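Student: Spelled out from the first residue to the last, the chains are:
There are 2 protein chains.
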Amino acid sequence: MKKFKIIFFLLISSLIYGQDIKGEIIDLTHTFSEESVYWVTAKEFRLEEVANGKTDAGFYYSANNFSTAEHGGTHIDAPIHFAENKHTVDQIPLENLIGIGVKIDVSEKALKNPDYLISLEDLKNWETNNGSIPNNSIVLFETGFGKFYPNAKKYLGTENRGPGAIKELHFPGLSPEAAIWLIENRKIKAVGLDTASIDYGQSTNFATHVALMTQNVPAFENVANLEQLPATGFQVIALPMKIKGGSGAPLRIIAIY
Amino acid sequence: MKKFKIIFFLLISSLIYGQDIKGEIIDLTHTFSEESVYWVTAKEFRLEEVANGKTDAGFYYSANNFSTAEHGGTHIDAPIHFAENKHTVDQIPLENLIGIGVKIDVSEKALKNPDYLISLEDLKNWETNNGSIPNNSIVLFETGFGKFYPNAKKYLGTENRGPGAIKELHFPGLSPEAAIWLIENRKIKAVGLDTASIDYGQSTNFATHVALMTQNVPAFENVANLEQLPATGFQVIALPMKIKGGSGAPLRIIAIY
Chain A
330 MKKFKIIFFL LISSLIYGQD IKGEIIDLTH TFSEESVYWV TAKEFRLEEV
380 ANGKTDAGFY YSANNFSTAE HGGTHIDAPI HFAENKHTVD QIPLENLIGI
430 GVKIDVSEKA LKNPDYLISL EDLKNWETNN GSIPNNSIVL FETGFGKFYP
480 NAKKYLGTEN RGPGAIKELH FPGLSPEAAI WLIENRKIKA VGLDTASIDY
530 GQSTNFATHV ALMTQNVPAF ENVANLEQLP ATGFQVIALP MKIKGGSGAP
580 LRIIAIY
Chain B
330 MKKFKIIFFL LISSLIYGQD IKGEIIDLTH TFSEESVYWV TAKEFRLEEV
380 ANGKTDAGFY YSANNFSTAE HGGTHIDAPI HFAENKHTVD QIPLENLIGI
430 GVKIDVSEKA LKNPDYLISL EDLKNWETNN GSIPNNSIVL FETGFGKFYP
480 NAKKYLGTEN RGPGAIKELH FPGLSPEAAI WLIENRKIKA VGLDTASIDY
530 GQSTNFATHV ALMTQNVPAF ENVANLEQLP ATGFQVIALP MKIKGGSGAP
580 LRIIAIY
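In order, the protein sequence lines correspond to chains A and B.
For the first sequence, my numbering gives the first residue as 330, with consecutive numbering after it.
For the second sequence, my numbering gives the first residue as 330, with consecutive numbering after it.
Since the hints were made in silico from the structure, they are not lab data.
Just so you know, not all the hints are guaranteed correct.
No distinction is drawn between identical chains; accordingly, a pair holds when it is met within one copy or between any pair of copies.
Said to hold, decoys possible - In silico DSS-like links for lysine-lysine, alpha-carbon gap of 30 Å or less:
#	residue 1	residue 2
1	Lys496	Lys483
2	Lys372	Lys573
3	Lys372	Lys383
4	Lys438	Lys453
5	Lys383	Lys573
6	Lys516	Lys453
7	Lys482	Lys438
8	Lys482	Lys496
9	Lys516	Lys573
10	Lys573	Lys476
11	Lys372	Lys476
12	Lys483	Lys573
13	Lys476	Lys383
14	Lys573	Lys482
15	Lys496	Lys383
16	Lys383	Lys438
17	Lys453	Lys441
18	Lys383	Lys516
19	Lys482	Lys372
Since this is a predicted model, take the numbers as computed values, not measurements.
Produce the complete structure using the sequences and hints provided.
Tutor: What follows is the structure in structure tokens.
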């Protein structure tokens, strides 16, 4: 438990300074179903019906079991996913998952190039227009690929599955250079984007994951509805399933603005 | 997306009227592991390691799969769990899962009687001391049983599993009378408690579930750390995994106060 004052201060100062608070909740989460997008080698989501109907005792009853990889659908990569001895998903401090959000829209470039790498220039252009990324921000990248979800062919670049499909993955991601600049020059809590991985589809060394997670910065992947967010002026609340020792987990992520 | 003004108004009015904002985040969630408490007939949580160590490519990598019943550990019962055609877990409006919290502590009575039913009198006593339960509240009940988690013998009344163990379940719950009074006389968003079920262990007709869920009121079960909350003056944010058509789901629930 730590102090959690930023949200209060932002809201108060928003009112004092007359900034518009629209006060809407936006769900940035895709539903989990058999259509959910998973890494080509990962175990997909399966729901198994246990009960659905009237019981002998007279009341209606519905219940299911499910199985899934930690990393699929809208989920969090905990730092330990790519960095030994760093936070497991249950160890990530809650204050790192709640805070001021900024959205960096690179969709114009990324939709023209499925191998697009979000660059340091993209970050600097955003700051020229919006001011410096605030301390303790959660930084969300809109590549535009969210609109293809759950069409694997368009969203991942391939509808094939298995190890042989890895080389067919084509979707945008955050360049290692931009990730390292964010870590070294801005104080960020977490990053997220509307693709299946914070590293682009053609990555083989996952250098962006390694750079972020070595610094205990988690990543939110397959984030939904980013086109509904403004560039600044919203709060993010990202609450993952609390799996003991988990390298990641299904995530419910919302924005309030 | 709907208007979400209550949290803003509460925070602003708290400042204007000088109420103390402590501004702490409290995690009301138990971790999921093989120790997690599940209904005696439910499929328990299992984590299966997929990778944990240095890859041939040189980077560290950890990943797991898991399987579970929807209803186990800290979870939500969606209305459809006991009420046909009511909200599935993905259909519950987010604004019903975020809002003013109140805590009703019945632990003194419940710890003396594992079959304790939270009564209408308990609600009225709380209101005598704290004022009327505010409109749009999330009502949390502290039975004191949270401190026994995950010891099944103490928490559920039995460490046996399977259909034969159902009659051995002894833990407190909310009486149907109190649930119906809440629905008919107070406008509540959701209820929660620190036992395995909103109906007490000896229930056979699950009348409290039926009463709540017929009115589209969800329930949070196996909630943790309720002893850390005051009676009033906090916000609850309860974000379940967004399972399409789910009758419930693992829940990450926090309080801010």
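Student: Tell me, which hint numbers fail for this structure?
Tutor: 13, 16
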